[in-house]
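Novice: For the record, the sequence lines run as chains X and Y. Under our numbering, the letters of the first sequence match residues 1 to 213, in that order. Under our numbering, the letters of the second sequence match residues 1 to 57, in that order.
Watch out, some of these pointers could steer you wrong.
If you anchor each label on the Cβ, the simulated ranges turn out as follows [to be verified]:
no., chain 1, residue 1, chain 2, residue 2, range
1, Y, Ala9, X, His190, 19 to 27 Å
2, X, Ala23, Y, Glu6, 33 to 41 Å
3, Y, Ala9, X, Thr141, 26 to 34 Å
4, X, Gln189, Y, Val5, 27 to 35 Å
5, Y, Ala9, X, Ser173, 19 to 27 Å
It is worth saying that the hints were derived from the structure and are not from the lab. Computed from a predicted model, the values in this text were never measured in an experiment. In this text, a Cβ means the ideal position worked out from N, Cα and C, and glycines have one as well.
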Amino acid sequence: MKRVVIGAHLGREDIEPLATAIAASDVFLSAILVADDQPLGDRELLIRVAKTRGLLLDRATFVAIRYGFSSLTDEEAVAKCAAHTRRWRDLLEKHRDQVEMTLKVAAVSPQKRPDRSGFTSGGDYLKALHAAREAAAVDDTFRDAAERLFPGAAKTRWLHRDASSIELAALVSRAAVESCFEAAADLKQHFAHVPFLLSGPWPLEVFADADDE
Amino acid sequence: MADDVEELALLETLDHLLDRGVVIAGEAVISIGDVDLLYLGLNIVLANVDAIIRTSK
Chain X
1 MKRVVIGAHL GREDIEPLAT AIAASDVFLS AILVADDQPL GDRELLIRVA KTRGLLLDRA
61 TFVAIRYGFS SLTDEEAVAK CAAHTRRWRD LLEKHRDQVE MTLKVAAVSP QKRPDRSGFT
121 SGGDYLKALH AAREAAAVDD TFRDAAERLF PGAAKTRWLH RDASSIELAA LVSRAAVESC
181 FEAAADLKQH FAHVPFLLSG PWPLEVFADA DDE
Chain Y
1 MADDVEELAL LETLDHLLDR GVVIAGEAVI SIGDVDLLYL GLNIVLANVD AIIRTSK
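Using the sequences plus the hints, can you model the full thing?
Specialist: Here you go:
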């Protein structure tokens, strides 16, 4: 059976029986088992993994591994993660009672995505893509108000992900999730003209990135 | 409106699944036919922004 790895957790009890637990040196990896020839792009599999991810987060905070990491054996999964497990354990011990929230905001002046066929150089195309993402902006007044949604956040970070929107990620305590949604509803009253979406809770995603440190 | 909200929740969930979290070296590029999932993920992000704007109106 193929293992589709979902995340890294502090304890086996955080995983079983919702998913298969794979013991690595410092953490336990969660995975679901699928047939060896199961394509990773299968819609049902994507939804199954997404649902399992949500159920696992209900149990305990974990480090999310981006979809697409699979292995044919436990040993292969452990070997590929070996360089990261110590850092993941430290992160989980530090943030075990925290989750991520994401505020996605439509850009005030969405940039046009560069057309690949207009570039002869792949490098130039990637630079244009990056420039379009970085140029996406939100209203400064809204930006200040958005940051006040997460008053007790351990960390916040604005992210440029595409040319149409900007995101604010925040690491908050689980107990603060409801109050974040209440504050977002209040924000909607004051900024009815700004399309935005607060979502969460999510596992450690943005703040599990080595670049974040 | 309820359908829009459900669609938005699903898009947001898939967006996080495909575009967030730790990337294990050498494991990021997977394909459905000729379309790699990173590209699919980007389309989900764009569709997601459309859905946010729609449900905000």
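Novice: With reference to the structure, classify each hint as holding or not holding.
Specialist: Each hint tested on the structure:
no.: 1; hint: Y:Ala9 / X:His190: 19 to 27 Å; result: holds (24 Å)
no.: 2; hint: X:Ala23 / Y:Glu6: 33 to 41 Å; result: holds (37 Å)
no.: 3; hint: Y:Ala9 / X:Thr141: 26 to 34 Å; result: holds (28 Å)
no.: 4; hint: X:Gln189 / Y:Val5: 27 to 35 Å; result: violated (19 Å)
no.: 5; hint: Y:Ala9 / X:Ser173: 19 to 27 Å; result: holds (23 Å)
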